[in-house]
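There are 4 protein chains.
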Amino acid sequence: MAGNTFGKLFKIMTYGESHGAGIGVVIDGCPAGVELDIEFIKYQLSRRRPGQSKIVTQRKEKDQFVIQSGVFEGKTTGTPINLFIANTDQRSKDYSHIQNTFRPSHADYTYFAKYGDVRDYRGGGRSSARETAARVAAGAIAQSILKQKGIEITAYVSQVGYLKLDKNYTELDFSRLEENPVRCPDLDLAAEMETYIKQIKKEGDTVGGVVSCVVRGCPAGLGEPVFDRLHAELGKAILSINACKGFEYGSGFDGVVMCGSEHNDLFYKDSEEIKTKTNYSGGVQGGISNGMDIYFRAAFKPVATIMRDQASIDKKGEEATVSGKGRHDPCVVPRAVPIVEAMAALVLLDAWLLHQAKI
Amino acid sequence: MAGNTFGKLFKIMTYGESHGAGIGVVIDGCPAGVELDIEFIKYQLSRRRPGQSKIVTQRKEKDQFVIQSGVFEGKTTGTPINLFIANTDQRSKDYSHIQNTFRPSHADYTYFAKYGDVRDYRGGGRSSARETAARVAAGAIAQSILKQKGIEITAYVSQVGYLKLDKNYTELDFSRLEENPVRCPDLDLAAEMETYIKQIKKEGDTVGGVVSCVVRGCPAGLGEPVFDRLHAELGKAILSINACKGFEYGSGFDGVVMCGSEHNDLFYKDSEEIKTKTNYSGGVQGGISNGMDIYFRAAFKPVATIMRDQASIDKKGEEATVSGKGRHDPCVVPRAVPIVEAMAALVLLDAWLLHQAKI
Amino acid sequence: MAGNTFGKLFKIMTYGESHGAGIGVVIDGCPAGVELDIEFIKYQLSRRRPGQSKIVTQRKEKDQFVIQSGVFEGKTTGTPINLFIANTDQRSKDYSHIQNTFRPSHADYTYFAKYGDVRDYRGGGRSSARETAARVAAGAIAQSILKQKGIEITAYVSQVGYLKLDKNYTELDFSRLEENPVRCPDLDLAAEMETYIKQIKKEGDTVGGVVSCVVRGCPAGLGEPVFDRLHAELGKAILSINACKGFEYGSGFDGVVMCGSEHNDLFYKDSEEIKTKTNYSGGVQGGISNGMDIYFRAAFKPVATIMRDQASIDKKGEEATVSGKGRHDPCVVPRAVPIVEAMAALVLLDAWLLHQAKI
Amino acid sequence: MAGNTFGKLFKIMTYGESHGAGIGVVIDGCPAGVELDIEFIKYQLSRRRPGQSKIVTQRKEKDQFVIQSGVFEGKTTGTPINLFIANTDQRSKDYSHIQNTFRPSHADYTYFAKYGDVRDYRGGGRSSARETAARVAAGAIAQSILKQKGIEITAYVSQVGYLKLDKNYTELDFSRLEENPVRCPDLDLAAEMETYIKQIKKEGDTVGGVVSCVVRGCPAGLGEPVFDRLHAELGKAILSINACKGFEYGSGFDGVVMCGSEHNDLFYKDSEEIKTKTNYSGGVQGGISNGMDIYFRAAFKPVATIMRDQASIDKKGEEATVSGKGRHDPCVVPRAVPIVEAMAALVLLDAWLLHQAKI
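Top to bottom, those sequences are chains X, C, E and F. Numbering-wise (our numbering), the first sequence opens with residue 1 and increments by one. Numbering-wise (our numbering), the second sequence opens with residue 1 and increments by one. Numbering-wise (our numbering), the third sequence opens with residue 1 and increments by one. Numbering-wise (our numbering), the fourth sequence opens with residue 1 and increments by one.
Derived by calculation from the structure, the hints in this document are not laboratory data. Just so you know, not all the hints are guaranteed correct.
Repeated chains share a single entry, so a pair holds when one copy, or any two copies, can fit it.
Stated by the list, open to error - Subject to a maximum C-alpha distance of 25 Å in a straight line, what follows is the list of computed DSS-like cross-link-like pairs (lysine-lysine):
(1) K358 <-> K149
(2) K315 <-> K358
(3) K316 <-> K42
(4) K358 <-> K147
(5) K315 <-> K277
(6) K164 <-> K202
(7) K315 <-> K325
(8) K325 <-> K275
(9) K277 <-> K316
(10) K42 <-> K60
(11) K75 <-> K315
(12) K8 <-> K358
(13) K275 <-> K167
(14) K358 <-> K167
Bound conformation, chain X alone (with noise of 0.2 Å):
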């Protein structure tokens, strides 16, 4: 209810400050019996941790974890996973400059209009994207789970600013997403679109940019009708990622031009799969999968911090300057790939275990 609560049936809390003793998530509902996979929950986390490359913020932090309780010689039993990740490279000092003041479309200001004047205000506190690791550590459970049932996420970066991949995913290698650290498949690309956030970054200023994903192996018939449906479970995931702005799912917003003659997916049988000629539903109907591939893209807006300075207003209501300090992301996207991952394993796990819930 208060926010910091995710899931129905694999049910995540997630806690923890940026510059506080660190953050961790509680599971309740995971099966039992799972081998925990703990090289992929590492490899997630390094993928979303700060200081990966040279385009993303330079705060150093190994996102080392415990995990606490629920798991016994090696397994999980059933009970509640408690993984934490402690802070140590936190510079909270370099905070104190904005104790008072409200820095422009972040959410200093909406916390303090909502819990009033006793926030943690060191890095953001809560509203810190710090609290993503976290989900990246139980998104990885998940989708561990979810490989076991053949279902697998891949999430990549389609485009920074005005870069724009403009190639269908059916048209991408995955294999070499790594070896850039955009994590945009195509690779010519990738490297056009690192130039460009480090001129950004040069420049003291930050970009937007979209994340795309695909879910492979989903079977028909996940997801509930009316309010839950599947693609309006995974759109709240993924806009509930800082500095999410845009959701839209199988042709999306550019879909809208399109007439019902081209854009009904039609049904054929392949051997004894029930398939469709095209996927414009993209891979959901009703709110219900129909065992085509998922796939959706999410708009990323530009990092609110920068490093220059700029107007604004202190608690008092009085007129005060933000100066640009701190260590941030130029482009958030190529790290959040692996939290987009991470959201859509939660959704998917969650749907395939209310799936099983029949007579």
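Chains C, E and F: place on chain X using the hints.
For chains C, E and F alone, coordinates are given in the frame of chain X:
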């Protein structure tokens, strides 16, 4: 959990099928002492109603409702409100041809995959957009309550096919919105859209569109952090509307090409109020309202039912033809306007109520 | 959240007032493909129905219901089921005397305190036990499904005032339960109870009682640990029934005088089944069913409406007299039997469904 | 859903096992701006702590906690609070004998039936009463907040085996409750109880008891109608405590022999307050508080672990002997007192917060 329930404090459960006895909604959590604005409920239903103009489906439903509980002497008592709308003009035999066949891009196949061979195929059964009448009725009650709190929600059509309204909502005059059947505030463009929809209809085809929405008067502090961000809840609510393929708020997908230095909304004080000079944030920062207008856009695909023959398969997996029958909308957005308002109202009232739960 | 919703996977929302249009329930999450046992729903309603015998209230309600959604050709479709029971014999003017006065030990004052001066005072409005008809209908559907899974629920009256049935359920013959209007399986004691209730009624008074319940055939493994223990969910469900003042399962309050050495249930193997020699645990250990019979007892207070004058106060806080009017039960337990079964069924089906949600 | 989460607005998720790294709780929804009363949290934990006296288990846990989030400069910020208590005195090898054997009346078998062969058998793992330390910590925070609102919760031991305190709470002096290790406010009876527990312990046996609780200062109007009645929520909360077998409030099971004419609580006005002359209702009518004291009783069975050999079976279904080892309580009620208070506080704070969510 099973998808037909929405909201936390102002919680609704909708029920009913397109060709059954009717559709309805129970509201659990409507505050006590609210004088029900029956005329406004009727008005909103009339805007969603089939047969309202020549550019929508010609099914004749008056959508007359009865309230069977929760209201005493014209006022809500705090107990559940059941509102029921009987179906009167269903022509179920129109659908006998799809009893065993899956219509392309409909929910026929996915419901079959999820629930087995027991579905009410008539008019799409539960997956029909007829279900949204229940949302509109419940949403109208929420809208009335919000209005008393100074929060006003206005949706309108901003795109039909390639015809796009390229003005910001601040430049528009909503007073004449109902003068054209499309519900586009630019009357010249509206006329073009109307002509276009008629032409599409003549061709037995359908087309998509965009509904935009603005929320004025929302105080700062509404919405929860992390997973239940106000815009994420709005996103889920809007994406749960039939045919919706995308949601964006504030700068949305267009914002990804911007730099932080132009995208950041600078705070200033306007007499006693804190405002921002621009509003790319769309009235929400860190998932919490900041007191500025909240605005968002929703993409709707072309209606799947077209008046043409289409190749498909049947329940046994054999090839079949779906012929275009029944009464349907050539473009869904004119009727989607009150539905978008309803869903936004449900989210905002929930956030408003939750915001009161403080010490 | 607002209290009229129950269950997680098999979720119900009830609505309606004692003297309004009627009462009803929407079930969101009923599995698809269930052949509805209409006769069993009617049977259970007839056991709860007023006017069924001389020892219950003489209000004449046939409790005929209509099912308005979620069922197609006799089978559930997985979509919400709305079941509505119209009120037919309300005599609202019987209640004009309590429009402004608080009846002792009723909910008049507390509803006034909670919702303000807008309550439907007629017959207690929403707080009337008439609401339980909706539970019985939904519970009957759950009972039918459980029965198919081999789980049978039987409730009976084990105490009326000081007349107490001192036998364990294992010694009782339930086959003749319906032969007496009290629903006590010991027919001699039942006759005594009947006489006692008639005498109490003659005196214009009321008396309390106990309903016992046994669940047979529940497999091991149902229920969740820690907060949502199976017996805690049962306890909440049963305590939510009007007039219920206590719940105990297994050894209950009597168990507190026992020593661990006698109370512990020793495991043994009976052919291939694991059983316990005694069953003080009441079929639940650590909140999870162990495969033995689940049994519990529920205490019901004497009905608050008596046919005597009572001193009270009115809305303005002034002294007033509440005179005994209307048609009421001298003892609630005979009619509570199917309600207890219904609530137990709702809890167990939910636990059963949740138990399927595994990998 | 998976059972380790409690509450709606003040929501907690507990985690941890008896012999793992430790136990903890995350609170999502603690209001902002609360000055944490660390001493009171410590005090309540010390009352639950093992080793506190000679009549409780001699495991030496100091139950020192760290707060890792949600608190800034001593005050809550409205973000999740993670409170962790490390285990320090686990002696896991004490449990190797039960790795494959099911202890009678413990949760060993049911966890095995539910989760499969992956359970942390050491000390009962998650099913250990050690989990309740997390509840006590969270509950202490809730109690502090309620105290500021004038709501005080006091639990005490009212029965140990056959030794029963036959006085009403209104006749008791709670000021000397902590002077005896049993926590019975009648010091003479307390001394008898202490002697009895010591004797039972000497015999290697255990005994049950009753904890009573009174809530003073609760305003009228708290609690929801129908399913979420205040006493039903209290019942679930209390029944979820390890070893609890029964719950009754107000007149409880004793009330069933009473007549309505004596059981009804007559309203009167005491200066400006509305009160009742008697309080058989236990402060709750129709599920909503009426402003009078709320009181209830909870039955606890004898602890299952006894220092004697018991016949049982092992995982393979073969006969096995469980010998009495480890450090355990001869009677659970002295340590249950702060747990009962904690659970009551969680329910009442939730009801209190929900009561604010009005227009």
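Comparing the hints with the structure gives:
When the C-alpha separation of K358 and K149 is checked against a cutoff of 25 Å, the pair qualifies both within a copy, at 18 Å, and between copies, at 12 Å. Taking the shortest Cα distances, K315 and K358 sit within 25 Å of each other only across copies (21 Å), while inside one copy they are farther apart (54 Å). In the homo-oligomer, the alpha carbons of K316 and K42 never lie at most 25 Å apart, since the shortest distance is 44 Å inside one protomer and 37 Å across protomers. In this homomeric assembly, K358 and K147 come within 25 Å of each other (Cα to Cα) both inside a single copy, at 22 Å, and across copies, at 15 Å.
Only between protomers do K315 and K277 lie at most 25 Å apart by alpha-carbon distance; the minimum there is 18 Å, versus 58 Å within a single protomer. In this assembly of identical chains, the alpha carbons of K164 and K202 lie at most 25 Å apart only when taken from the same copy (21 Å versus 37 Å across copies). Taking identical chains as interchangeable, the C-alpha atoms of K315 and K325 lie at most 25 Å apart only when both belong to the same chain, with a minimum of 19 Å there against 61 Å between chains. With identical chains, the CA atoms of K325 and K275 are at most 25 Å apart between copies only, with a shortest distance of 24 Å across copies and 53 Å within one.
Taking the shortest Cα distances, K277 and K316 sit within 25 Å of each other only across copies (18 Å), while inside one copy they are farther apart (61 Å). Proximity of K42 and K60 under a CA criterion of 25 Å is satisfied intra-copy only: 15 Å inside one chain copy versus 36 Å between copies. When the C-alpha separation of K75 and K315 is checked against a cutoff of 25 Å, the pair qualifies only between copies, where the shortest distance is 19 Å, while the shortest distance within a copy is 49 Å. For a Cα distance limit of 25 Å, the shortest separation of K8 from K358 qualifies both inside one copy, at 16 Å, and across copies, at 13 Å.
With identical chains, the CA atoms of K275 and K167 are at most 25 Å apart within one copy only, with a shortest distance of 22 Å there and 41 Å across copies. For the identical chains of this complex, K358 and K167 are neighbours neither inside a copy (40 Å) nor across copies (38 Å), given an alpha-carbon limit of 25 Å.
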